[in-house]
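Q: Read off the chains here:
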Amino acid sequence: MTASQLAVEGLSIDYEVGTGRYHALSDVSVTLDPGRVLGIVGETGCGKSTLAHAIPRILPEPPARVVSGRVIFQGVDLYAVPKWKLPLVRGTGIGMIFQEPLNSLNPAFRVYDQLAEAVIIRQRREAGLAPMFRPEQENPFDYSRHPRVRAGEGLTGPFVGSVATDRARRPRVPDSVRGEVLEYLRLVRISDPESILGRFPHELSGGMRQRVMIAQALSQRPSLLIADEPTSALDVTIQAQVLTLMKELLAEIRTSILFISHDLGIISEMADDVGVMYAGRLVEHGPVAEIFGRPRHPYTKALLHAIPSRYKADGDLDSIPGSVPNLSRLPTGCCFHPRCALARRECGEDPPPALVPVDPAPTGRTERDPPHSSACRFFSEVEGLP
Amino acid sequence: MASKTPRVPVALAAGPSRSAIVRVGRPLRLLWRVLRSNPLSLVGFVLVVLIVVATALVYLAPAVIGVHYPLNQPSNALGQPPSWAHPFGTDPIGIDIYSNVMAALPVDLSIAFAIAVFALVFGGLLGLVAGFWDTRRTLGGAVSVVILRITDVFLAFPSLILALAIAVSLGRGVPQVIIAVMLTWWPYYTRLVRGEVLSVKHRQYVTAARVAGVSETRILFRHVVRNVIEPVVVYFTMDIGTVIVTFSTVVFVIPNVISFPSTNTSEWGVMIQNYQDSFSALPWTVLAPGLAIFLTVLSFSLLGDGLRDVLDPRTRRAMLETRRLEPAAPVEKAEEAESAGPAAPVPGTVPDVTGPS
Amino acid sequence: MGRSPLDLALFVGKRLLQLIPVLFGIIVLTFVFTHIAASNPCAIWFPKNAVGPREACEASFAQPLYHQFYVYFVNLLSGNWGASVSGTQVLPVIALATPETIELVLAALFLMIVIGIPLGVLAAQSNGRLVDHLVRVFYLSGWATPTYLGAVVAVIFLGPFLGLPTRGDFTTPPPFAQPTHMSVLDALLAGNLPWTLNAVEHLILPASVLAFLNLGIATRMTRSSMLSVLPLDYVKTARMKGLAEGWVLYKHALRNALITTTTVLGVTAGGLLSGTVVVEEVFAWPGIGSYAYAAITEYNFDGAIAVVIVYAVGVVIANLIADILYGVLDPKVEWR
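Residue numbers (this note's numbering), protein chains in the order written: chain A, 1 to 386; chain B, 1 to 357; chain C, 1 to 336.
Possibly wrong hints are sitting among the right ones.
Claimed, not checked - Just the calculated beta-carbon pair ranges, DEER-fashion:
1) B:Leu31 <-> A:Gly265: 44 to 54 Å
2) B:His202 <-> C:Arg167: 49 to 59 Å
3) C:Ala9 <-> B:Leu295: 47 to 57 Å
4) C:Ser78 <-> B:Tyr59: 50 to 60 Å
5) B:Val53 <-> C:Thr180: 49 to 59 Å
Stated by the list, open to error - Straight-line alpha carbon distances no greater than 25 Å define the calculated BS3-like cross-link-like pairs of lysine-lysine that follow:
6) C:Lys251 <-> C:Lys332
7) C:Lys332 <-> C:Lys14
8) C:Lys332 <-> B:Lys201
9) A:Lys85 <-> C:Lys251
10) C:Lys251 <-> A:Lys83
Since the hints were derived computationally from the structure, they do not count as laboratory data. All residues carry an ideal CB built from backbone N, CA and C; glycine is no exception.
Construct the entire structure; sequences and hints are all you get.
A: What follows is the structure, given as structure tokens:
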């Protein structure tokens, strides 16, 4: 059995701000196997973004504080090394795409320069000219072996790239970099890649920008790709295009993906496994078919129920009574119990329940599917909820 | 467009504050936030308070802090370095430097305030007019353009030189220098206020007020001015220090400047000029007033810098994310300038870039 | 897209054209002011009873103001910028002195950029912590120091302590020609290394004083720009590409934060140009600052107006460069 690529174990992260201490993540544990897509779904503020940022350690450390837990990527605990060593893992090990493509591409640099930078970083690492994350070795973060990192063409290029002339058209550019950039742009189904090389991000449409972002992340061939709400800022039609693209790419590349979204529909389409988060905790986890078909946590069930249905022409929209708790003042016991239809006395008194496996579903489950687990003590009664 | 940095949930609501109680409490609460945000601001505030207290004492009860009138009395203690009897030493003819320096405190401060307030009021009014009524082909538009051109001319003028020229022409005295600096100072406020008015004018709440039928003057005073005041006040606080420095520099530079007619006032720039030749032999004669200027300006600058940090929406957001600042109470307005892409210049902090903007 | 070289040329042309009325206004203003304030300076110029020149002087000043201005303006346009009391032509002197001041200002700007901007980045990085406070105290102290005090302290204490010269731009007049009248540049052009070092030595202290006093502008602006840029997503993207933190800060973040900072620095440069009076006086630097001071106090009207013209042109050009840089650095901006 292949070791899981990513294992988050008991991660708890607090934000310490003037007003108090916000428990952004409480004891979150997930695993991700190579080649799988794990979807994390939940409302705004539930901690899914924090989780996404915590894995490659790009949380702003002064307000954020890691209380406990580990993040094990390819067998290496990323929280056991000093933070300055992490750049080795990022890019070629773990890649990330963000929600707002205008904000996530540098507005001062042209498309070509940004893509070239990513390609060159990867090329130099693969060629041994720059240090690379090697999990199989005893010291995965070995900075000593390579010659001093010299500024590659792409690494200094963008300093002048945005001034007047268009570097992308100059013949001096080494072919391999330009060739790869075009190849990845074609991969994301951009029909005339040459035409956008010299453009700035603000000159592209939203869908185009997001494709460029995806191309940039993929061009570094990461083992794990984290997608933090990649389509939430796009129009619905563009959203569909980008999602279709991503699904097609999934078939072509072997990267495992951590897909974050608040949109249940998107998760149901994209993910193999799903984790449901609420108030900083993982409340349910399992294969996508089981989570959506037979949810075993009252929150999941209520979420699914709250989706407006095309088939109900009348009646009020269902919503979950109450509101999301303030992360600095979490309820005692199970964090969902104040809003839960199944709540009993012990739900509010006893410590928050851990994820426990529910009875295995009879059909449709493959060997690679993770067990279906829920953080509700009374998961068997969830089915009976309206 | 919220950035997806996992953000601590903070409550900010839109809409200017309404009730009178809140209006009065607002500057106090602001001050409290400023002080809490940064230890340097606290230091600055304490120093400013001390300076104000000292000024009051010099004015009302000078003997309490050791200032003895009449000033400039020669004594037997010639050219003494600082000691208990003479904390800042004495000059070549035995005049106590300490008394002079402290006596100059209310003088310099009130001069600086007078200049700054004049510049603020005069320049600010012009800026309001130029910014608010600048539609083309109206009387207001023409006036605006005239104001702008005049301001441009004054701004292109090197202020130190202009002040120098005016002061020398009017007669080489301190009051003339005051007038000179006043005349060179107001354009900065005009430009600042105009920039702010221009950016506020097009905000949605102004349009909403117009649509609701609010009269133009009411709009001007309630909405525009209220929102322009903040950055202007911040600039003003920092400006006091700059005025002091510029003023004393001009006074120093004028050869044989005539001090005040009265013999019982002192002024730091005058002191420095008087004692500059004996600097090597008796450094304290120049260092004392120099340090007085330095400390005064530093205090105001520390306070003003802290104030600016709190009010500038860009740095305020950064402070929200560290421990140092609490999120604004829900009644306060939300002014998060959505800075997508390159940091947009905050109007007023960056002078009017008339070309690409 | 309003960013082609043609757009730039039009933009620059438009701004230079705008310079003309402003310049004219300044000339008029200065002229009127100096002549009204001291309408008969002949008494000051010729204190002793040098009857002949004094009578001629008084005759010319007895003319109506507009006539005096007309005469002056015509002379100005034809290259005769007047003369001082002792008959020294103004224009040649100014032509020699201006580059020296420009050199001083450029050196100060260089120091402000090289020291001030990294300090601003450092302060933004360690926002709220000790380093941030230290940086702030540093640049606020510079701001709060009166120019004279700083210059004199440098001359009397720092110069001897560091072994740096404190007077003039060379120790003795150099043996080579000075085509540009910028001390370091001329020495370099003459290929003379020891003299170049000498020139640099003389430049260090006055430029440092000027830089220290004005550092706050660069540092403060950089700090607040960086603070607003650092939380943005593209900084995270840069990190996630695998770039080391230094690259992320200086290549990606600062590049965008610099946009406002360079604009402010450009405008400051204009202000610096005219703020060198005290520093030049104290360091005996042969620039227009010293000349301006002398011109004003000696009632050298022609000299004063000439100086003002130079300053105004300098300020406008500095503003123009700032605007151009802004357009260059921010790809969203069009040149209108």
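Q: Sort out which numbered hints this structure fails and list those numbers smallest first.
A: none
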